[in-house]
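Novice: Work out the full structure, taking the sequences as your base and the hints as a guide.
One-letter residues, chain by chain:
2 protein chains.
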Amino acid sequence: MSNPTAAMIVIGDEILSGRTRDSNMHHLAGALTEVGIDLKEVRVVSDDHGAIIAAVQALSVAYTHVFTSGGIGPTHDDITADCIAAAFNREIGVRDDARQILAEHYARAGTELNDARLRMARIPDGAALIENSVSAAPGFVVENVHVMAGVPAVFEAMVASVLPGLTGGRPLISQTLRIDWGEGDIAGPLGVLAKEYPHLSMGSYPFQKDGIYGAHVVIRGSDPGMVEAAMDKLKAAFA
Amino acid sequence: MSNPTAAMIVIGDEILSGRTRDSNMHHLAGALTEVGIDLKEVRVVSDDHGAIIAAVQALSVAYTHVFTSGGIGPTHDDITADCIAAAFNREIGVRDDARQILAEHYARAGTELNDARLRMARIPDGAALIENSVSAAPGFVVENVHVMAGVPAVFEAMVASVLPGLTGGRPLISQTLRIDWGEGDIAGPLGVLAKEYPHLSMGSYPFQKDGIYGAHVVIRGSDPGMVEAAMDKLKAAFA
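Going down the list, the sequences are from chains A and B. Numbering follows UniProt numbering, in which position 203 of the first sequence is assigned residue number 203; successive positions increment by one, without gaps. Numbering follows UniProt numbering, in which position 107 of the second sequence is assigned residue number 107; successive positions increment by one, without gaps.
Because the hints were derived from the structure by calculation, they are not lab data. Where hints are given, some of them may not hold.
Where chains are identical, the list cannot tell them apart; a pair therefore holds if satisfied intra-copy or between any two copies.
[To be verified] Cross-link-like lysine to any residue pairs, in silico, SDA-like; alpha carbons within 20 Å at most:
| id | residue 1 | residue 2 |
| --- | --- | --- |
| 1 | Lys209 | Ala153 |
| 2 | Lys209 | His105 |
| 3 | Lys40 | Glu131 |
| 4 | Lys40 | Ala58 |
| 5 | Lys233 | His76 |
| 6 | Lys233 | Pro198 |
| 7 | Lys40 | Thr20 |
| 8 | Lys40 | Arg220 |
| 9 | Lys233 | Asp223 |
| 10 | Lys195 | Asp115 |
| 11 | Lys235 | Ile53 |
| 12 | Lys209 | Thr20 |
| 13 | Lys233 | Tyr197 |
| 14 | Lys40 | Gly126 |
| 15 | Lys233 | Ala109 |
| 16 | Lys209 | Pro152 |
| 17 | Lys195 | Thr176 |
| 18 | Lys40 | His105 |
| 19 | Lys195 | Ile79 |
| 20 | Lys209 | Arg21 |
| 21 | Lys235 | Phe207 |
Specialist: Right, here's the structure in full:
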């Protein structure tokens, strides 16, 4: 049986303008690999209704799970919740359970729950909430789309609260060998090995450091014994 | 007149598995912003023929320029050139000018130009070559798609050789103000200001550091005077 699949949508002009370097993609990629969910595609889109809705609709039908990051804060440019509601043709409004979470959080902090903050309690009808152990304002799940915050600490906390509830697959095992040969000399033997093991994925990632040309060759697969056997042959070929 | 638009396709299982942290997206985003080309979308796809071809076809019709990174090396998992040829229904084969570049480079290095390395001279028919000042093997351009290497140093060299040949637009000017208020207190006045300046983009990027909640508010636009004026009002509102 093949693993569940996933896609991610990173929402934010600040990534596309080069102002901010996204780190959520790398975090989610590693976390999904650990639980055996295969991340197949990531799209980075701008803070634009049409772009967000199109990405959500396209990816939610193509993959088992979709994860979004960004655009669920209190300011005018936070439009993700409305876009998700529109993508699934659902109503959206301030929901009592989300309002209650915010009210308790801000009461503890001695901060006013004003209209802007209350925007973070706007949740599409029928969504389940995602706990935010960092700053309270919840994410939410509509159908197979998990809507999470863009701030890395909050995103990571939400991923940690979501993943245990998802059915994973066989985690991908990977082994890496550093080979100090030019990649053009690695390619031939590696290609032969890749044909011999069609159920494994073999990648070659070249580097050049202090005048040495080499590559990290990574062998990935869900069967640890098979990965091990292929790695032994790889080592023998380049010994 | 609005700026030219662009999309990027990052190709590689190693990004989606979390093994490698992509840096090319952030580099290209900054470089395009400087020359007034608006990066609208990025897709990260796996080393899969169907996925690469679908992304190339969808994005090349939707945007002025498309830039790809990854998958043009000598190993069996480098399939980008074949996918680009297939996406545009062109033939592909070793081309004399590209072979010549490789032959000279490897002759200087005293390295054999073997079959694997010769794969890097496979160029779709009618493509223009992109210079690679780092490691010789060229990128190429088919229609509006610029095909470049994934190794960051090579990718950056190719971007530097491509961008001067493209017609840019009005560079986006941005000014940033750090405001040490909770984002929920910034949101109201910022929303009013954003409505007053519909031609500017205003973004709020919250942070939490040493117990202080605040946000960096960024105002972007192509008219420096307008950005300046809006920033003055922003400062006055939060003074």
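Novice: If the cut is 20 Å between Cα atoms, do Lys40 and His105 qualify within a copy, between copies, both or neither?
Specialist: neither (36 Å within a copy, 36 Å between copies)
Novice: Regarding Lys235 and Ile53, is the shortest C-alpha distance of 20 Å or less found within a copy, between copies, in both, or in neither?
Specialist: Answer is neither: 48 Å inside a copy and 34 Å across each miss the 20 Å cutoff.
Novice: With identical chains, the pair Lys233 and Pro198 could be close in the same copy or across copies; at 20 Å between alpha carbons, which is it: within, between, both, or neither?
Specialist: So Lys233 and Pro198 pass the 20 Å test inside one copy only (15 Å; across, 62 Å).
Novice: Regarding Lys40 and Ala58, is the shortest C-alpha distance of 20 Å or less found within a copy, between copies, in both, or in neither?
Specialist: both (13 Å within a copy, 17 Å between copies)
Novice: Regarding Lys209 and Pro152, is the shortest C-alpha distance of 20 Å or less found within a copy, between copies, in both, or in neither?
Specialist: between (31 Å within a copy, 13 Å between copies)
Novice: Please work out whether the CA atoms of Lys195 and Asp115 approach to 20 Å or closer within one copy, between two copies, in both situations, or in neither?
Specialist: For Lys195 and Asp115, only the inter-copy Cα distance (17 Å) is at most 20 Å; the intra-copy one is 60 Å.
Novice: Is it within a copy, between copies, both, or neither that the alpha carbon of Lys209 lies no farther than 20 Å from that of Ala153?
Specialist: between (33 Å within a copy, 11 Å between copies)
Novice: Measure nothing new, just compare the shortest in-copy and cross-copy C-alpha distances for Lys235 and Phe207 to 20 Å and report within, between, both or neither.
Specialist: within (18 Å within a copy, 47 Å between copies)
Novice: How do Lys233 and His76 come out at 20 Å by Cα distance, when the copy is not named: within, between, both, or neither?
Specialist: For Lys233 and His76, only the inter-copy Cα distance (17 Å) is at most 20 Å; the intra-copy one is 57 Å.
Novice: At most 20 Å between C-alpha atoms: does Lys40 with Gly126 qualify within a copy, between copies, both, or neither?
Specialist: neither (27 Å within a copy, 31 Å between copies)
Novice: Which holds for Lys209 with Arg21 at a C-alpha limit of 20 Å: within a copy, between copies, both or neither?
Specialist: The answer is between: 18 Å across copies meets 20 Å, while 25 Å in one copy does not.
Novice: Check Lys40 against Arg220 for me: Cα-Cα at most 20 Å, and say if that holds within a copy, between copies, both or neither.
Specialist: within (15 Å within a copy, 33 Å between copies)
Of the numbered hints listed earlier, those contradicted by the structure are 3, 11, 14, 15 and 18.
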